[in-house]
Amino acid sequence: MAVAIGAGALALARPGSLDTLLLYAVLAQSWNLIGGLAGYASFGQVVFFGVGGYLTALAMVRLGLSFYLAMPLGGLGAALFGLAVGDLVLRVRGLYFAVATLVLAGATKAVLSSWPGLAGPSGVLTITTVGLHQPTARPGPLGFDAVYLALAAVSTAGVSVLVRSRLGDSLAVIRDDEDLAGALGIAVRPAKVAAFSLSGALAGLAGGVYAFQVTALSPAVLFAPLLSVVMVAAVVAGGAGVLGPLRGAVLLWLLSAGVGSLAPELRDVLVASLIVAVVLVEEGR
Amino acid sequence: MRLVVEGLHTYYGASHVLQGASLVVEPGEAVALLGRNGAGKTTLMRSIVGLTPARSGSVLVDGRDLRRAPPYRSARLGLAFVPSGRRVFSSLSVAENLEVARRSCPRRRGPWTLKRVYEVFPKLAEVRTRRAGHLSGGEQQMLKIGRALVTNPEMVLLDEPTEGLAPAVVEELGQWLGLLTRENLGILLAEQSAAFALAHTARGYLLEKGRMRFEGTMEEIWDSAELRSALGVAEHPNRTR
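As they're listed, the protein sequences go chains X and E.
All letters in the first sequence, in the order written, are residues 1 to 285 by the numbering used here.
All letters in the second sequence, in the order written, are residues 286 to 526 by the numbering used here.
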């Protein structure tokens, strides 16, 4: 593992290559809100990434909106999506919630793939980046780094405000003992749904940026299950709280890049195995 | 606050736990809820506060039906639930446990502040920065009662408070119950240990298989050999010579 981390640090020590790290940081903070602070481990958090990404792309392609308007709309849409489905999936806890979110992500991906007229065949959608019809000039690599950096900073600042707020107090006791929190007068369900929806907003915003970055979109790209796993692993490895998810994001980024530079063809398999190993070690503590 | 429970039916999945349980607690009254393990005492309390909603019947708090209301409603109306066992927010400190409870019912004003809880339970003040999960059983019991009090309730539901406590702490618990009564708080005390309940309440209900088998004064319970054997208690301590 140390070798992989070292190789990762070497491979990535160049400008314009921080996008993945910063993306991981935003996603980790998103998962932190529901999995870390509220104690509801979502294994389908990528659903928000996908919904935010699609909405951003659709707003740009269909409505011709600027990316800088479309992305917040995508984040808002993902938050509303969380509000709409949160009450349903948050009725179950623990492993049942994990499965419910996994199914939610799979079902949403399937619906978007086959929705007639929403995108091209099989949900394929391309954001035009050349010619007269491009809604926003596409930023270069450093530009994307800057957008991701801003998102990561906003996410982390948001989480640090939230943990000190009344909602943060409610989430802390819900994580400890949900029944008891209710019996003491804490409005449990609204607090959980709010956390889920806020976590959706962060992942949705990240999905919007990612959509503009890759431009050629498909359900497989925007709903990649590996992203859900990355989110879980970042918080499990780095810890919850305000800074833990950032630590976890750095760790995962180094691991994945290191493995990628040593043995590119094995990257996904190795990263997934390492993540499972990290989760198992952490769980065993 | 007057609590009137009428004909509650509660299920856990297919299991019909409460089969028409009814009871009344008058304002400021201390009432015992007796019964063996598995009779449905905890379920009845959970159904009253809305943690395990009953399928039919009514839970009237000052005439308002809370059967289908979420748990926080009853807490904010002044009905505090003190669950059994080590149910504290274990990762929070003692002070944070109290603070969270106080803030969860912001509109309830009354004599109970954190300061007063620390005066009544000086031991809690000594451990106020300690994690609640690391407290002794007696300290956790104090914390659970203190946590109920800072919401300034009008009635307290206590589920098996003597469970797992050392005899000396059980005696102290009796004194705390006396304090609640002097403060004019209604009490519903679910107890398997009938002797403790009989010593600290004037009236009681005997729950058996989800139904009220008996309702009456403590004298009546002591006078009936059948009830005493059902509860597993011997003669009245003052009458045995």
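There's no promise every hint is true.
Cross-link-like lysine to any residue pairs, in silico, SDA-like; alpha carbons within 25 Å at most [to be verified]:
{"hint": "1", "chain 1": "E", "residue 1": "K494", "chain 2": "E", "residue 2": "R321"}
{"hint": "2", "chain 1": "E", "residue 1": "K494", "chain 2": "E", "residue 2": "V518"}
{"hint": "3", "chain 1": "E", "residue 1": "K400", "chain 2": "X", "residue 2": "R166"}
{"hint": "4", "chain 1": "E", "residue 1": "K494", "chain 2": "E", "residue 2": "G463"}
{"hint": "5", "chain 1": "E", "residue 1": "K408", "chain 2": "X", "residue 2": "D176"}
{"hint": "6", "chain 1": "E", "residue 1": "K400", "chain 2": "E", "residue 2": "V455"}
{"hint": "7", "chain 1": "E", "residue 1": "K408", "chain 2": "X", "residue 2": "D177"}
{"hint": "8", "chain 1": "E", "residue 1": "K400", "chain 2": "X", "residue 2": "D169"}
{"hint": "9", "chain 1": "E", "residue 1": "K494", "chain 2": "E", "residue 2": "E468"}
{"hint": "10", "chain 1": "E", "residue 1": "K400", "chain 2": "X", "residue 2": "A172"}
{"hint": "11", "chain 1": "E", "residue 1": "K400", "chain 2": "X", "residue 2": "S165"}
{"hint": "12", "chain 1": "E", "residue 1": "K494", "chain 2": "E", "residue 2": "H294"}
{"hint": "13", "chain 1": "E", "residue 1": "K400", "chain 2": "X", "residue 2": "R164"}
Just so you know, these hints were derived from the structure itself, not from any lab.
Now for the hints, and whether the structure bears them out:
Of the pairs offered as hints, the one joining K494(E) and R321(E) holds, with about 9 Å between alpha carbons and a cut-off of 25 Å not exceeded. Between the alpha carbons of K494(E) and V518(E) the distance comes to roughly 19 Å, so the proposed pair stays at or under 25 Å and holds. Between K400(E) and R166(X) the CA atoms are separated by roughly 21 Å; this keeps the pair inside 25 Å, and the hint holds. For the hint linking K494(E) to G463(E), the alpha-carbon distance of about 30 Å lies beyond 25 Å, and the restraint is violated.
As the CA atoms of K408(E) and D176(X) are separated by approximately 23 Å, the hinted pair is consistent with the 25 Å bound. With a CA separation close to 24 Å, the supplied pair K400(E) and V455(E) stays within the 25 Å bound. A threshold of 25 Å between alpha carbons decides the hint, and for K408(E) with D177(X) the separation of about 24 Å falls inside it, so the pair holds. Between the alpha carbons of K400(E) and D169(X) the distance comes to roughly 21 Å, so the proposed pair stays at or under 25 Å and holds.
Of the pairs offered as hints, the one joining K494(E) and E468(E) is violated, with about 34 Å between alpha carbons and a cut-off of 25 Å exceeded. Restraint check for K400(E) and A172(X): satisfied, since their Cα atoms lie roughly 23 Å apart, inside the 25 Å limit. Distance check on the hinted pair: K400(E) and S165(X) sit about 23 Å apart at the alpha-carbon level, within 25 Å; holds. For the given pair, K494(E) sits about 12 Å from H294(E) by alpha-carbon distance, which is consistent with the 25 Å threshold.
For the suggested pair K400(E) and R164(X), the alpha carbons sit about 23 Å apart, so the restraint of at most 25 Å is met.
In summary, the structure is inconsistent with hints 4, 9 from the numbered list given earlier, while agreeing with the others.
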